[in-house]
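Novice: As you go down the protein sequences, you meet chains A and B in turn.
Counted the way my numbering counts, the first sequence spans residues 224 to 512.
Counted the way my numbering counts, the second sequence spans residues 25 to 150.
Keep in mind that the hints were calculated from the coordinates and are not lab data.
Glycine included, each C-beta is placed from N, C-alpha and C at the ideal position.
A hint or two may mislead.
[Said to hold, decoys possible] So the derived list for chain A, only partly shown, Cβ under 8 Å to chain B, looks like this:
1) 268
2) 269
3) 309
4) 312
5) 326
6) 330
7) 333
8) 363
9) 410
10) 413
11) 419
12) 425
13) 442
14) 450
15) 454
16) 456
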Amino acid sequence: MPGAWDKIKTAAKEVGEKVIGRGPEVKYRHEAQDYSDKNGVSIEIAQKTILARYFDAVERKAAVTRAIDYDSSEWRAVAAAVKETMGDKGIDGLKKTADDPRYPCRPVVLSPAEFKRSYSAQEGYYKSKYEKRAPDYAVLKDCAENAAMFANYSKDFRSFVSSFSGNAASLEALLARNPKMKAEFGRLFQLKGLAEKHEDRFKKDMNFEKTWNASKVELQKSVKEMLTGTGNYCVNVVKACQMMFQGNFGAGLMKGLGETAKFLGIETWGAIKVAYHGGKVLGSKVKNF
Amino acid sequence: MINDSFLVSDEKKALLEIYSREGASAAFLQKFESALVEKLRQKTETAIGLDKVIETEFARITDDYNKQRASLTEKLQKELADVAPGDVTAKTTLWDAYYVKVDELQKVVAGGIQAVSQKVLIGMTK
Numbered sequence: 224m225p226g227a228w229d230k231i232k233t234a235a236k237e238v239g240e241k242v243i244g245r246g247p248e249v250k251y252r253h254e255a256q257d258y259s260d261k262n263g264v265s266i267e268i269a270q271k272t273i274l275a276r277y278f279d280a281v282e283r284k285a286a287v288t289r290a291i292d293y294d295s296s297e298w299r300a301v302a303a304a305v306k307e308t309m310g311d312k313g314i315d316g317l318k319k320t321a322d323d324p325r326y327p328c329r330p331v332v333l334s335p336a337e338f339k340r341s342y343s344a345q346e347g348y349y350k351s352k353y354e355k356r357a358p359d360y361a362v363l364k365d366c367a368e369n370a371a372m373f374a375n376y377s378k379d380f381r382s383f384v385s386s387f388s389g390n391a392a393s394l395e396a397l398l399a400r401n402p403k404m405k406a407e408f409g410r411l412f413q414l415k416g417l418a419e420k421h422e423d424r425f426k427k428d429m430n431f432e433k434t435w436n437a438s439k440v441e442l443q444k445s446v447k448e449m450l451t452g453t454g455n456y457c458v459n460v461v462k463a464c465q466m467m468f469q470g471n472f473g474a475g476l477m478k479g480l481g482e483t484a485k486f487l488g489i490e491t492w493g494a495i496k497v498a499y500h501g502g503k504v505l506g507s508k509v510k511n512f
Numbered sequence: 025m026i027n028d029s030f031l032v033s034d035e036k037k038a039l040l041e042i043y044s045r046e047g048a049s050a051a052f053l054q055k056f057e058s059a060l061v062e063k064l065r066q067k068t069e070t071a072i073g074l075d076k077v078i079e080t081e082f083a084r085i086t087d088d089y090n091k092q093r094a095s096l097t098e099k100l101q102k103e104l105a106d107v108a109p110g111d112v113t114a115k116t117t118l119w120d121a122y123y124v125k126v127d128e129l130q131k132v133v134a135g136g137i138q139a140v141s142q143k144v145l146i147g148m149t150k
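Using the sequences provided together with the hints, build the complete structure.
Specialist: As structure tokens, this is what we get:
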């Protein structure tokens with residue numbers, strides 16, 4: 224039994240882990256330990272049982288979204304379980320096995336109807352997150368295929384873990400004896416990585432487009448301001464001259480400003496005219512522009 | 025008012041000379057107004073021209089970008105078709121290369137936009 228000082232040290236360590244973003248790892252550790260204590264089973268059995276539960280949650284979420292969610296807390300929990308039981312390089316090891324040609328991927332063939340459903344799901348996923356916008360066909364097609372593979376492998380892996388949940392072997396030992404399943408597990412991480420890549424890129428593209436459009440608007444605004452400044456100056460001159468000389472100065476100038484108005488648009492021109500005519504002439508002429 | 029105006033120095037000088045000779049005569053006012061109208065007309069033309077430059081150049085850049093990106097995507101799709109189903113690593117490698125090319129393309133576009141901006145800003149000072 225750990226002493227009081229050990230408990231304090233562990234608690235302090237776990238707070239630190241949470242701070243650096245390893246909260247899910249701490250949660251998994253506690254859940255596995257609690258399960259082990261309450262059910263009187265080994266920690267290895269408890270770890271696999273909790274992992275199977277995490278996969279249930281992943282499946283439930285996938286059944287709703289039918290997409291690989293970028294911010295999936297359910298998948299983050301699975302990753303935490305791997306890191307906790309297989310170390311920080313555990314995920315890399317799984318991915319490496321996925322690349323081993325001896326364990327090729329089991330292809331997931333989609334019927335045209337299934338593909339259509341998956342494609343729409345990806346489109347819906349993006350549109351619900353990004354101002355009703357989605358990537359182009361090539362990306363959505365890839366996402367649709369990846370999501371289908373992810374759902375299949377995830378289901379397989381969940382069955383695998385469940386079927387061995389009563390086995391005393393650790394997850395790592397089990398996977399070492401079943402490299403095909405290890406490869407499939409690794410492929411799940413690869414698919415999640417590719418989905419994140421697509422989404423990061425889409426966000427980048429949207430920002431790029433926004434900057435692009437903003438540059439255009441900003442340039443046009445600068446040109447408009449240059450002209451508005453000139454027009455306003457003229458109006459001020461006209462007003463000052465009229466006050467000083469009470470003459471008819473400015474009639475020609477207003478004609479000149481008419482051209483300006485065509486470029487600036489009615490609103491700005493309206494403002495100039497109000498300044499000049501004191502609100503008297505804002506009728507049919509304005510509408511003609 | 026003459027000194028503060030957007031007229032060029034020669035025009036200001038000529039108007040000030042008339043004013044010192046004739047005072048605020050009708051002829052002076054007419055000349056001052058004509059100068060302002062002419063300058064305003066020139067500025068308007070410049071602005072309309074610059075607005076056209078912005079529209080045309082942005083449309084051209086957009087068109088080029090879309091065409092080049094479509095071509096890159098088409099090439100990628102052909103390459104993806106040759107990848108074994110489920111070979112996620114091979115697919116990821118192709119997508120990585122594609123996204124690097126898209127980055128390069130966007131850098132070219134950013135350069136193009138910068139050039140248009142410079143052109144417009146220089147045009148505004150004329």
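Novice: Are the hints correct? Go through all of them and say.
Specialist: Results for each hint:
1. 268: violated (31 Å)
2. 269: Violated - the Cβ of residue 269 of chain A stays beyond 8 Å from chain B, reaching only about 31 Å at its closest.
3. 309: Violated, because the Cβ-Cβ distance from residue 309 of chain A to chain B comes to roughly 20 Å (cut-off 8 Å).
4. 312: violated (18 Å)
5. 326: Since the shortest Cβ distance to chain B is 11 Å, the answer is violated.
6. 330: holds (4 Å)
7. 333: violated (10 Å)
8. 363: violated (12 Å)
9. 410: holds (6 Å)
10. 413: holds (4 Å)
11. 419: violated (11 Å)
12. 425: Where the cut-off is 8 Å and the nearest Cβ of chain B is about 11 Å from residue 425 of chain A, the hint is violated.
13. 442: Given a least distance of 5 Å, the restraint on residue 442 of chain A holds.
14. 450: Cβ of residue 450 of chain A sits 4 Å from chain B, so the hint holds.
15. 454: Given a least distance of 7 Å, the restraint on residue 454 of chain A holds.
16. 456: Constraint on residue 456 of chain A satisfied, holds at 6 Å.
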